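Those protein sequence lines, which keep their order, are chains A and B.
Just so we're aligned, residue 52 is where the first sequence starts under this note's numbering, counting upward by one.
Just so we're aligned, residue 96 is where the second sequence starts under this note's numbering, counting upward by one.
Rather than coming from a laboratory, the hints here were simulated on the basis of the structure.
Careful: at least some of the hints might be erroneous.
To be verified - The calculated label-pair distances, taken between Cβ atoms and stated as ranges, are:
1. R101/A - G278/B: 32 to 42 Å
2. S150/B - K53/A: 47 to 57 Å
3. V153/A - L381/B: 49 to 59 Å
4. L78/A - S357/B: 27 to 37 Å
5. A115/A - E161/B: 52 to 62 Å
6. A378/B - G116/A: 53 to 63 Å
7. E185/B - K53/A: 33 to 43 Å
8. S149/A - T336/B: 27 to 37 Å
9. V153/A - A378/B: 32 to 42 Å
10. R101/A - S436/B: 56 to 66 Å
11. N457/B - K53/A: 38 to 48 Å
12. E136/A - N330/B: 43 to 53 Å
13. R101/A - S241/B: 24 to 34 Å
To be verified - Derived lysine to any residue pairs resembling SDA-like cross-links, with alpha carbons at most 25 Å apart:
14. K140/A - I516/B
15. K280/B - Y85/A
16. K157/A - I516/B
17. K110/A - L450/B
18. K117/B - A207/B
19. K280/B - D209/B
20. K318/B - E334/B
21. K157/A - A207/B
22. K318/B - N144/A
23. K157/A - I383/B
24. K217/B - G240/B
25. K110/A - V399/B
26. K526/B - L78/A
27. K280/B - G151/A
28. K226/B - N263/B
29. K120/B - I383/B
None of the values given here were measured: they were computed from a predicted structure.
Glycine included, each C-beta is placed from N, C-alpha and C at the ideal position.
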Amino acid sequence: MKNREYLSFDVGEDEAIIDAVEAKGHLLPIGCRYGGCITCAAKLLEGKVRQPNGTALNKRQSSAGYILLCVARPKTDCVLEVGVESHDKLYVNPFSVSGGYVPPLKGNKK
Amino acid sequence: METTEAECCTGPGYASPQEAIKAPKEKVVYTICIYTGTGIERPDYLATIDVDPDSPTYSQVIARTEMPTVGDELHHMGWNACSSCHDDSEMSRKYLIIPGVRTTNFYIVDTATDPRNPTLYKTIDGEEIKKKTNLSAPHTVHCLGSDIIVSMLGDANGNAPGGFLHLNKDFEIMGRWEKDITGMKFNYDFWYQPRHNMMVSTEWGAPNTFMPGFDLEDVGKGKYGQQIHFWDFKNKSIERTVDLGEEGLIPLEVRFHHNPDSTHGFVGATLSSNVFHWYKDDAGELQIEKVIDVDAIDVETFPVPMPGLITDILVSMDDKYLYFSNWLHGDLRQYDISDPSNPKLTGQVWIGGLLGKAPVVNGQAIAGAPQMIQLSLDGKRLYVTTSLFSTWDNQFYPDMKQAGGVMLIVDCDNENGGMTINKDFLVDFGKEPNGPARAHETRYPGGDCSSDIWV
Ligand code: FES
């Protein structure tokens with residue numbers, strides 16, 4: 052974990068990353084534990100993970116490199132940026148980005 | 096039989112809204128404080144705030160009741176008993192039921208033994224609720240007589256439409272309350288009016304949709320609601336579903352008149368930022384009409400017009416004023432609804448917000464905007480907090496996770512209309528002992544303007 056002084060954990064291929072982290076007594080953001088709430092998102096800097104389809108991450112968030120530690124299982128060695136500090140690209144104000152769906156909102160006055 | 100106050104006041108609450116208005120002034124209030132999504136790995140907690148201007152600790156947090164788990168995201172809360180049990184001397188308003196929307200854990204907090212320092216009485220494990228009822232993501236808590244009903248926004252895996260959880264008065268899981276939810280795509284808030292056998296419920300989205308944050312693509316794909324449901328309350332089934340259409344996107348908070356004989360009520364369509372009014376006409380037919388329309392605003396550099404985002408609405412105990420917050424624009428509004436079909440704007444104040452109209456209030460930089468509101472029973476003091484939901488906070492007000500939330504009082508003129516921000520009151524949750532916390536829903540020990548229902 053890059054932003055935790057490169058603390059490292061042995062994670063089994065069939066083990067959720069968060070379980071290995073918590074087993075060693077470390078705390079990271081956690082909520083639903085089923086991939087539905089995004090609280091546990093972390094940025095995958097290097098490596099590959101396996102995680103179920105249909106988790107809470109949308110396309111934009113996945114392509115920005117985010118994974119969910121409660122459901123992600125490592126396929127290779129991984130380097131991660133964790134915690135809320137890694138969430139800079141996770142959240143955007145949807146009214147500030149173009150190219151997507153525009154809801155029918157009336158007014159448009161200054 | 097007519098009963099006088101001395102004879103009847105054995106159960107909790109008040110005999111009528113008129114009696115509630117005459118209740119003594121609130122001395123403390125309870126507010127949800129949230130660490131979820133702030134980077135502070137601590138449990139969320141219930142803050143007790145001194146609101147008695149004559150007390151030396153006025154405008155301060157005097158107690159913090161910490162929950163046992165990290166990451167619940169405490170959200171809304173309700174009482175074990177309200178004025179609907181006023182005639183039942185066996186019942187008392189003793190416990191706040193505080194669910195965690197992300198974990199489905201329920202915390203039962205005793206506020207009666209020492210109202211200035213509530214304590215955790217019981218925990219209901221979220222996993223047990225999911226297993227027994229296939230429901231998750233609790234939202235609104237209402238008591239109905241001695242039963243407790245909670246709107247649940249998803250199934251155990253976070254998919255729509257969810258349903259309603261039934262707890263008994265000893266907080267045991269009884270199962271699902273509703274008999275039939277045909278037509279309901281999503282769930283959110285609900286309110287009922289027993290004398291008319293009416294209940295109204297609204298639609299947000301599936302937990303798997305809203306938990307990660309707000310994405311307009313999801314609105315385009317129909318993953319957010321635009322219907323409200325009128326229930327046959329006794330039969331626990333939906334009688335009529337109304338599609339509010341393009342002007343009614345994401346109907347959230349729903350409020351009946353407090354007067355138990357009235358069929359009138361209001362719902363805020365959050366994304367469209369419109370308020371709808373419903374009532375039954377003389378022929379008993381349900382009528383529903385849009386009565387308030389907040390224009391979206393073109394913000395420089397934003398390609399999509401930004402709505403006000405009406406995230407909370409409230410009706411005063413005398414049914415004369417409607418209040419609501421525009422969480423993105425940053426204003427709070429007061430409307431005279433003496434004629435419910437023609438609300439008149441009578442007051443407005445600005446607190447924070449993305450339009451930059453009031454970045455500093457009472458000397459405090461505001462990272463956020465008016466969101467949850469709670470009004471004193473006498474209709475004069477509106478308590479305001481600034482957080483909506485941790486992931487949505489992080490999208491729209493990313494600074495809130497370092498700055499924390501605030502609570503302010505807005506003084507309301509309930510005779511001639513008008514609002515002013517109270518200069519002497521500010522709770523800065525940025526200075527909490529364990530670090531900055533978000534602040535969400537507020538309730539008063541004796542019941543408030545969104546807790547009590549009269550049967
Ligand atoms: S804890 Fe909810 S998505 Fe991981």
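Numbers of the earlier hints that this structure fails to satisfy, in rising order: Of the numbered hints, 3, 4, 5, 7, 13, 14, 16, 17, 19, 21 and 29 do not hold.
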